[in-house]
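Enquirer: Chain by chain, the residues run as shown.
Protein chains: 2
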Amino acid sequence: MPDLTVGWIGTGIMGVPMVRHVLRAGFSVNLYTRTRARADVLVSSGANWCASAAEVARGSQFVVSMVPDSPDVESAYLGPEGVCRGLAFGTLCIDMSTISPETARAVSAEIGRRGGSFLDAPVSGGKTGAEAATLSIMVGGDEADLRRAEPLLRAMGKTIVHCGPVGHGQLTKLCNQILCGVNLLAVCEAMIFAKKVGLDPQTMLQAVSAGAAGSWALSNLGPRMISRDFAPMFMVDLQQKDLRIALQTAKETSAPLPGTALASQLLSSNQALGEGREGTQALIKTLERLAGINL
Amino acid sequence: MPDLTVGWIGTGIMGVPMVRHVLRAGFSVNLYTRTRARADVLVSSGANWCASAAEVARGSQFVVSMVPDSPDVESAYLGPEGVCRGLAFGTLCIDMSTISPETARAVSAEIGRRGGSFLDAPVSGGKTGAEAATLSIMVGGDEADLRRAEPLLRAMGKTIVHCGPVGHGQLTKLCNQILCGVNLLAVCEAMIFAKKVGLDPQTMLQAVSAGAAGSWALSNLGPRMISRDFAPMFMVDLQQKDLRIALQTAKETSAPLPGTALASQLLSSNQALGEGREGTQALIKTLERLAGINL
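Residue numbers (the working numbering), protein chains in the order written: chain A, 809 to 1103; chain B, 809 to 1103.
If we strip away everything but chain A, and leave its shape as in the complex, we get (with noise of 0.2 Å):
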């Protein structure tokens, strides 16, 4: 591989082994994050530390950027120390974020303006995914921008599925969470009846994770309620900023989306009792209130 540079910004639960993986792949990084602190482990990995998201830009092949939310994406490309004031001429940005979008094709026209590329490259896989290199990756923008992404891309992920122009990416994440949303109810749901009526609920688990009932969340979600471990693999608070863009796309295009609208209502529990920052597994507390009960 040439020597070629990644300018990351974000270095959240997800963006700390991501950009591990590209560092093992071969990649040079400049890094930049809002809190420097978190940046330490990787800049002893090897990753050069740069003062904001314009000095990244520079120099640099790849932009790829892993941050909360569609406000900290537009702050990152079009704020004043922002990528667009440092963009080189053919810079391929690369968005993994989950955010709007509108942000998603925004932020893409602005850097078109100014000679770059762009790609909407969110992802699904959680904390686990990222650790393993094993993320799916969604991605929107033009097929040629991907195929220049691909061995940048392929250091981080797995499946890794074109969905469209710009934008499509995003889309395709918000059904990602969509799906994960309501099977995350169903987990809750199932493990708070086997509670009720005096089964056993690592039992009930293990009888039908492998059948038909079988999903990511149970066989990864489910055994995290059962021994209480509610560190995030992926945030309640992150998930209801996902449900809020879906369910607001959703009205925009009228889809009745009475399910994932139910799951959200009931993560917001969840934020009105502090467990905001917890994993998205807490959804069974909520329950647990429901129910009057505890595992």
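Hints should not be assumed to be uniformly reliable.
Intra- or inter-copy, both count: the list cannot distinguish identical chains.
Straight-line alpha carbon distances no greater than 25 Å define the calculated BS3-like cross-link-like pairs of lysine-lysine that follow [what the hints assert, rightly or not]: (1) 935 / 1049; (2) 1004 / 1049; (3) 1059 / 1004.
Because the hints were derived from the structure by calculation, they are not lab data.
Based on the hints, put chain B in the right spot on chain A.
Expert: Relative to the frame of chain A, chain B by itself:
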């Protein structure tokens, strides 16, 4: 294996492939089902036709029932021509239908009084699981009885889990159906959203199936929704029967199941429109009616 005879009652979508595997495993099969014509294919494969459930029981070391609902199980075991009329001392009866836990307990008690024993052993995996002999089997009853039944169950299933005393197989199956019902709703909502926002549903499926959004329902029912294949893997009417038992049991134990109730209410629209004998993937038609579009 010694020459063992299995008395079998019920030859629907599930029963036919299950009996085939039992015959292949070397058991003799005595067969009874209400509609004689549906047994022909198995009789020509070597099963012995019997005129009643009582006759099926005579001389069988095992009796297996695989029928639609609680009243069918009651009549198969306790009716005037039922299994109990022909039960030999020591016969092990295994009901693999999905019925109410109370009925399972009542039938078990009557069989016990007549010197037989009983396991409730409902299954998950649908038609494809029955055909591939990869069913998940959820067993309630005595562990010693399960050990006796295991060579027979192994002919039909892969995951065999002892869930507790009689009735706990059915209760575990209800957890399974809660998961299936809500996961199905998740798939329908993601599909409708995808179509409404201009994504290709097929590409969306491909992008999200391997990640945190993945489920058996997504991988198995999603493609059928797209190809408009509504042949039953598992019928809407039977899913509704199972959800009725689940919601009834939940009411009795004060277990709140808002997502399950929602899924069941939406499946009522399929029944209202004459789609009750289609596969559960027909729920997409209800969502299409709500959204005013077709996939």
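Enquirer: Taking the hints in turn, state whether each one holds.
Expert: Verification of the hints:
Taking the shortest alpha-carbon separations for residue 935 and residue 1049, only the intra-copy value of 17 Å comes in at or below 25 Å, while the best inter-copy value is 39 Å. In this homomeric assembly, residue 1004 and residue 1049 come within 25 Å of each other (Cα to Cα) only across copies, at 21 Å, whereas the closest approach inside a single copy is 32 Å. Taking identical chains as interchangeable, the C-alpha atoms of residue 1059 and residue 1004 lie at most 25 Å apart only when they sit on different chains, with a minimum of 10 Å there against 36 Å within one chain.
The structure shown violates none of the earlier numbered hints.
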